[in-house]
Each structure stands twice: as C-alpha cells, then as structure tokens.
Amino acid sequence: MLSIRNLSARVGDNEVLKGIDLEVQAGEVHAIMGPNGSGKSTLGKVLAGHPAYEVTGGEVLFEGRNLFEMAPDERARAGIFLGFQHPIEVPGVSNASFLRLAYNKKAESEGRDELDPLEFDDFIQEKIHMVKMENSFLDRSLNEGFSGGEKKRNEILQMCVLEPKLAILDELDSGLDIDALRVLGEVVTGLLSPQRALLVITHFPRILEAIHPGRVHVLYDGRIVRSGGMELALELEERGYDWLKPVAAPAETAAAGRA
Amino acid sequence: MATVTERPLLAAPFLPALQALARPHGWDLLRGRAEAALAAQTWPTTRQEAWKYTDLAPLKDLAFAPGLPAPVDIGPLILPEARGSRLVFVNGHFDPHHSNTSNLPPGVRLLNLAAASELAHDLGTLAGAGGDDPFISLNTARFRDGALLIVPKGTQVEAPIHILFVQAQEGEAPTCALPRLFVVLERNAAATLVEEYQGRGRTLACAVSEVLVRENARLNHARIQRESTEAYHFSTLAVRLEKDAQYDCRTIAFGARLSRSTPKVDLVDGGANLVLDSLALLGDGQVADTHSFIDHKVPNGTSRQVHKAIADGDALAVFNGIIFVRRDAQGTDAQQQCRGLLLSSRAKVDAKPQLEIYADDVKCAHGAAIGQLDPEALFYLQSRGMRPALARNLLTYAFASDLLAGIPLPSLRRQLRSTVLARTNAENLDTLP
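Protein chains in written order, with our numbering: chain X, 1 to 259; chain V, 1 to 433.
Any given hint could turn out to be false.
Away from chain X, derived, C-beta distances all over 12 Å, residues of chain V [claimed, not checked]:
#, residue
1, Q41
2, L59
3, I150
4, E196
5, N300
6, S418
7, A422
Computed footprint of chain V on chain X, listed as stretches where at least three residues anywhere in the stretch have a Cβ under 8 Å from a Cβ of chain V [claimed, not checked]:
#, segment
8, 44-51
9, 86-93
10, 104-117
Since the hints were derived computationally from the structure, they do not count as laboratory data.
The beta carbon of each residue, even a glycine, is placed where N, CA and C say it ideally should be.
Extracted from the complex, chain X is given alone in its bound form (with noise of 0.2 Å):
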C-alpha cells in the first residue's frame, strides 16, 4: 500500500529526513517511536503533503502512485488520513459543517451519494457515540476552545468519518487520559480491515498497549535505526532510546537528494 524508499526531507535550511525506507501493506499496523526531533511529525506530515516540508530526496508509492504527484487533498481523497497531534482551531465553521463536507468532498470523488444535513445527522450520530463526545460538540466550530484531549477525540471522529485505507495518527496519546485513550484505541483498532492500514506515531509506548502493532520502528535523527516487533516497544519502555544512538555518525550523513 504504501512504499518509502530512501525518503528525505528539510523543513528550511533543517535537514530532518535522512533516508526513510518503510514498506506497508494493507491490513498491517505499524509504530514509529523515537525520541523528540528525530523526524517522526515530519514524517507524517510529508506524507500528507505539508508545503512546509520540502522532500530532497527519494519517493513514495501510495497504492501504486507516486505520492509527490499529488496534492494535500488528493492525497486525503485517495484515502490518506494524518491524524494532527496538534489540530488546528478554526472558529467560524460548525465541526458539523465541516465533518459533512469533508465527507460529502470523498463520496463526491468515488461517486458515491452526498449526504443532506440531515441524513449526515443520522450518519454522525453513531460515530460521536464511538468516541464518547457530547453532541454539543457538533455545533461548536471546529476545534475552538477545545482541551487537548477533546481536540484528538475529534481527530479521530473525523478519521471515523472519512475511513481512510491508510490513517497516519500522530502523538494520538498526548492530552489524553488513560480511559480516554483505551476508548480511542478501541476506535481506531475497530476500524482495521484488511483492506485498511496504520502507521502510528508515538513518543511514548503506553498508546501502542491500546493498538497493537505488528511492526515498531525507531526513528533516530531522520533515520530508521531498528525495526522489530511489539517487544521492541517493551525494551524502549525500559531502556529509553539513548541506547540506539548511533555510536558514531556514519561519514557519509548526506543522504542521496535530488535538491
């Protein structure tokens, strides 16, 4: 579903993505740990196509198609989902607004029916129950004023919403508390198809006891330093991450660009 080959990436003059090489298949559920700076956000946000990050070298295939062909929303319309650590607040647009034209903006591109506002009423009501948010937080504006937690709960209606085949959840943990976390797990692992596929991005293991995934990787200063399985998330738990350091920094740093 999703193939990175020797992906790097700067944000300004920052080097912050130094020779990524992931393969994810559908179905499959993979972590990205790593200590602060070590270019997990990053990652998820060139995949989404932030126009803040400039890819210098590599590609990415999303079922075939070459990633950096495709703009922001192409992306999410062919099913890419990243799920913001911090999400924007826009006052002035009802979240019910938005999740519906967010919804009605994918049916419309695979042809299906748009949703009416009150068919969408119906529609959303089962999801805002899966999530465990208040109905009120429909005709509130779209993240205004929300805590950080209700801000991920909202993430993930979204997610719920748009079903994507491959969701990128970014830091999902933060601001949440354990129960609502489990929730939120729930949610998410419910969504799971064989047809469906998660990277989560995490600083923390504690999320990936709620998620279970099948592969964890270690981002370590823009690079893949380790790949295993839930028990390497474990020794992480234990160990921290100093120990993957690399010992000394490989002599040829720069990864292959094109820029």
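Based on these hints, arrange chain V on the given structure of chain X.
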C-alpha cells in the same frame, strides 16, 4: 498625494443638481446652519488626516442628477419578518406604495420624516450641522424625505422594523439621494431595526442617521449597505445612549466603489452598554473607510467594538477607531478590535485603533491584527480532502461568520450569508453556522 485642490465644496458639479430638489419645510434654523457650513467648506483632500486614505477625486467631477421616484421591484428585498413594519424610499423619495406599517403596536410612529417635522424637533441635535464634515452639512441642508421612528415609553416592538433606501440609476446620469433617519426609543422601550441601502448602477448616497436610546431602552440595529460596486456611499451615524441603555449595532457593507462610514456614539449617562460591530467585504476596485468615535462621557459605561475587513483584488479598507474615555468616566469597560483579512497581495487594510483615556479607573483594551489566511488552517482543511479553493473560501467565510451571526433577523442573516458565500465563491456551505 493630494489630487483634489482646495476649492469650495459648493463648486462641485453635482451640487447644483441637488439644489433643485424640492425641500419640505421644517428645521429652518438647522438647515440654515448646515447651508452656511456648506458654503464655508472646501473639498476634503487627502492632505487632511481624516481623509488621508480616502481620495474623493473620482467623485468631484461627476454630475449627479437628483433621483426621481421610479418603479423598482422591491419583491426580493422584502424581509418577511418585517412585512408590516417597513418603510421604503426610492431614489430619495418616500414610497408609500411599498411601505407598510400595519403591524406595529399602538403609539409607535414610523413614517416619512418630511411629513412629520413637528414630531422631530430634536433632529440634528445628535449629528449637528456638519461644521467639519461636508457630508453631514450636505444632507442636513438639503435632505428631502427620510424615516422617523419613535417607540414610546415601555413599548416593546416585536416585529423588526425595516427601513429600506433603494437607489437605481435610470439612463446615463448618475443619481444621488440624501437619506435621513431619526430614531428615538423612549424609556424602557425595545425594538429591532434594519437600516438598509440597496442600489443599482452609479449612485451617490449621503446618509445621516440619528439614534437616541433613552433610559433603560434597548435597540438592536443592523445597518446593511449593499449598493452596487459603482456606488459612492457616505453615511454618518450619530447615537446618544442614556442611563442603562443597551444599543447593539452591526454594520455590514458589501457595496460601493467608495464608501465612508462614520459612526459616533456618545454614552452620556451611567450604565449604558454599547456593541458596535462592523464588517466590510471588498473586492477589486473598492475602498471602504470606517471612522468611528465612541465617547465615554460618564462612569460605568461598557463598549465592545469589533471591526472586520476582508479585502480582495486591489481593495482598500481603512479603519480609524477612537475610543475616548473622559475624566469623569471612571469604571468604563471598553474593548476595541480591528481584524483585517487580505485575500490578495494587492489588497490593503489600514487600521488605526486608538484609545484616549483620561480616567484612571478603567478597563480598556484595543488591538489590530491584519493578515492572510492561516496556512496551517488551509493545510488542515486540505488534509481532509477539500480543494485549495474550497478551503480558502471556507476560511474566508469563517472569518466573517461571527459578525453575520449577530444579525437579528433569520431571513436577513441567510441573505447576507449567501452573499458572502457567493462573493467567496464558496460551494456547498449552505448549512454553515
């Protein structure tokens, strides 16, 4: 760059035409003072601070003809909530045929000012004769018809009142009108008022509105300017708030090539509460200038002012807002915000919020923020599958939506929303808040 020379205002080509307007009797003293002020005034130039950004040059050589009564289809302009509480003026003339005041409580007066000068002795006491503002002088000296609204003591008017000034250019010559409005809410009265300017073609409106809200009265006032983008629109609003008066005023301006709005509110007795909000939505070729003055004269007044401007193309929005807190006005709580949204690299918003405080125990704050759409918000919407154009439109609409939400009539609110949506080319947003 001053392109207008200092020549007498009366030499302007459009003025002789205005003189031809038959003027109803009444207010002779006031008219005389205004006429004298006119004679002494010169054209405002961009060398004057108050007119620094608003160049009247395009106006000065236009020969406007006085508007004539004309049949205008006002069907689409009717607000259903105000079916029986409406006054209509066409090209400056009262239109009894389209007016309907059948649904008003007893004692409420809503009629043509020109026919009721004996009810409006106080006309001009709020706006003055325009010693330093030629557009007030012009209106006061020569207005013809206008609207008078008096809500008597303790009367709550349920139906919103709609006062509609329509102008339509007929033939080649641009037309002009001098709309006038005088509103009094007596003690403990309450009403909702929509003051609206509509128009087609090249028109000039010099409007003056005076509003007196007496003790413990409440007025919710929506001022809508949606003339054509070829129009020239000058409007003065002079308000006096007495003890514990509550006055909510929202001005929404979409039209006019050149517009200037000068609201002036005096809080003359304690406990008055003012909301003075405005939104200007401007496209290519439009200039909108708002010069507001809020005068806290006495203790314990509250004022909230939010001005928003959306400028596209090479539009220019000017905001100059003064909040004056006099020495006696202890306990004043005044907040002023100006926010500008630039949709193109050629658009401009000039904001000058000003607080002048002479009392020492007050709570006052002001601020201005001008910028473009937030790229992070744009990316967020795009990452949910919305095309860039839709994301931009949605955020532009969102910028305006809180001010639109304050419009008290559902039908008018819907109309204004769809205008904003059409102007931002937004699609599929019919059910936004």
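* Asked: Which of the listed hints are not met by the structure?
  -> none
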